[in-house]
Amino acid sequence: SQKIEQNSEALNIQEGKTATLTCNYTNYSPAYLQWYRQDPGRGPVFLLLIRENEKEKRKERLKVTFDTTLKQSLFHITASQPADSATYLCALNSGGGADGLTFGKGTHLIIQP
Amino acid sequence: ETGVTQTPRHLVMGMTNKKSLKCEQHLGHNAMYWYKQSAKKPLELMFVYNFKEQTENNSVPSRFSPECPNSSHLFLHLHTLQPEDSALYLCASSQGGGGGPARETQYFGPGTRLLVL
Numbered sequence: 096s097q098k099i100e101q102n103s104e105a106l107n108i109q110e111g112k113t114a115t116l117t118c119n120y121t122n123y124s125p126a127y128l129q130w131y132r133q134d135p136g137r138g139p140v141f142l143l144l145i146r147e148n149e150k151e152k153r154k155e156r157l158k159v160t161f162d163t164t165l166k167q168s169l170f171h172i173t174a175s176q177p178a179d180s181a182t183y184l185c186a187l188n189s190g191g192g193a194d195g196l197t198f199g200k201g202t203h204l205i206i207q208p
Numbered sequence: 004e005t006g007v008t009q010t011p012r013h014l015v016m017g018m019t020n021k022k023s024l025k026c027e028q029h030l031g032h033n034a035m036y037w038y039k040q041s042a043k044k045p046l047e048l049m050f051v052y053n054f055k056e057q058t059e060n061n062s063v064p065s066r067f068s069p070e071c072p073n074s075s076h077l078f079l080h081l082h083t084l085q086p087e088d089s090a091l092y093l094c095a096s097s098q099g100g101g102g103g104p105a106r107e108t109q110y111f112g113p114g115t116r117l118l119v120l
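Top to bottom, those sequences are chains Y and A. Heads up: the first sequence runs through residues 96 to 208, numbered per the working numbering. Heads up: the second sequence runs through residues 4 to 120, numbered per the working numbering.
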């Protein structure tokens, strides 16, 4: 069956360092992959989308990589700040159209001052 | 904030009650979704509507009944729920209509926190 794995343990990072989050998937051939941020008691907020034919995408302090051979995406936050503390969700969609997304459990990131 | 509103934000209901969750999007999108988020589990897709037509029902029990009267509004009617249905119910919308993955970025509402007693 299709599976998305994110390191579900909390990730503690010192302020100013780079945080790296991992998303691995199996039995899946996603056309694109998305990363969302979710704060407690709120809905997820879209951050970045990367297509299957793209290796890397950047937006300000955020960087996403996508390796379809390894079936893995890495999400980096450089120069991390306490305000970056949140749960980060990886989501996949196999095709075009309004299919809905399949989400991982998310990684809880804590940036310590 | 995202252009997607949900009401109520919190709901407590007994197992014999009937209630409805409402979602409204002000983004001019054509696709709307219901997701369920339980503690320690990933978001689970429940229903998808595209141009008011239901295109996906992800094996959801019949005690959950969606309704999409137009592209801006989505309801989830609840009837004889079980305690294990207690969760955060999230509504989302996307531009939809094909044309590439950028149109499938989803915008979520704040969710309805449901507790079934």
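Calculated from the structure, these hints are not laboratory results. All C-beta atoms, glycine included, are put in the ideal place defined by N, C-alpha and C. Among the hints, a few may not be true.
Said to hold, decoys possible - Here are the computed lysine to aspartate or glutamate pairs in the EDC-like style, where the Cα-Cα straight-line distance is at most 16 Å:
| no. | chain 1 | residue 1 | chain 2 | residue 2 |
| --- | --- | --- | --- | --- |
| 1 | A | K43 | Y | E104 |
| 2 | A | K44 | Y | D162 |
| 3 | A | K43 | Y | E100 |
| 4 | Y | K98 | A | E47 |
| 5 | A | K43 | Y | D134 |
| 6 | Y | K150 | Y | D162 |
Claimed, not checked - Far from chain A, some chain Y residues (derived; all Cβ distances over 10 Å):
| no. | residue |
| --- | --- |
| 7 | K112 |
| 8 | R137 |
| 9 | Q176 |
| 10 | L184 |
| 11 | D194 |
As the list claims (entries may be wrong) - Some chain A residues judged to face chain Y by a derived CB distance under 8 Å, without partners named:
| no. | residue |
| --- | --- |
| 12 | K44 |
| 13 | L48 |
| 14 | V63 |
| 15 | P64 |
| 16 | S65 |
| 17 | F67 |
| 18 | F78 |
| 19 | L93 |
| 20 | G112 |
Against the structure, the hints:
Simply put, K43(A) and E104(Y) have alpha-carbon atoms about 11 Å apart, close enough for the 16 Å limit, and the pair holds. For the hint pairing K44(A) with D162(Y), the CA-to-CA distance comes to about 25 Å; that exceeds 16 Å, so the pair is violated. Only pairs whose Cα atoms come within 16 Å are accepted, and K43(A) paired with E100(Y) is accepted, the gap being roughly 13 Å. Our distance criterion of 16 Å between C-alpha atoms is met by K98(Y) and E47(A), whose separation comes to about 13 Å.
Distance restraint check for K43(A) and D134(Y): the Cα-Cα separation of roughly 15 Å lies within the 16 Å cut-off, and the hinted pair is therefore satisfied. Restraint check: the Cα-Cα separation between K150(Y) and D162(Y) comes to about 7 Å, which is no more than 16 Å; the hinted pair holds. Residue placement check: K112(Y) keeps its beta carbon more than 10 Å from all beta carbons of chain A (closest about 27 Å). For R137(Y), the shortest C-beta to C-beta distance to chain A comes to about 6 Å, within the 10 Å cut-off, and the non-interface label is violated.
Here Q176(Y) stays apart from chain A, with its beta-carbon at least about 20 Å from theirs, past the 10 Å limit. Listed as outside the interface, L184(Y) is inconsistent with that label: its C-beta sits roughly 7 Å from the nearest C-beta of chain A, within the 10 Å cut-off. With a closest Cβ-Cβ approach of about 7 Å to chain A, D194(Y) is found to fall inside the 10 Å limit, against its non-interface label. With 8 Å as the threshold, the beta carbon of K44(A) comes within range of chain Y, its nearest partner Cβ sitting at about 7 Å, so the hint holds.
Look at L48(A): its Cβ gets to within about 4 Å of chain Y, closer than 8 Å, so that hint holds up. The beta carbon of V63(A) comes no nearer than 12 Å to any beta carbon in chain Y, farther than 8 Å, and the hint placing it at the interface is violated. For the restraint placing P64(A) at the interface with chain Y, the shortest Cβ-Cβ distance is roughly 18 Å, beyond the 8 Å limit, so the hint is violated. Proximity of S65(A) to chain Y is violated relative to the hint, the smallest CB-CB distance being about 19 Å (cut-off 8 Å).
Violation of the interface hint for F67(A) is found here, the shortest Cβ-Cβ separation to chain Y being roughly 15 Å, above the 8 Å cut-off. Hint status for F78(A): violated, given a least beta-carbon distance of 17 Å to chain Y, over 8 Å. Annotation: interface hint on L93(A) holds; nearest CB of chain Y at approximately 5 Å, less than 8 Å. Contact between G112(A) and chain Y, as hinted, is supported at the beta carbon level, the nearest pair being about 5 Å apart and thus within 8 Å.
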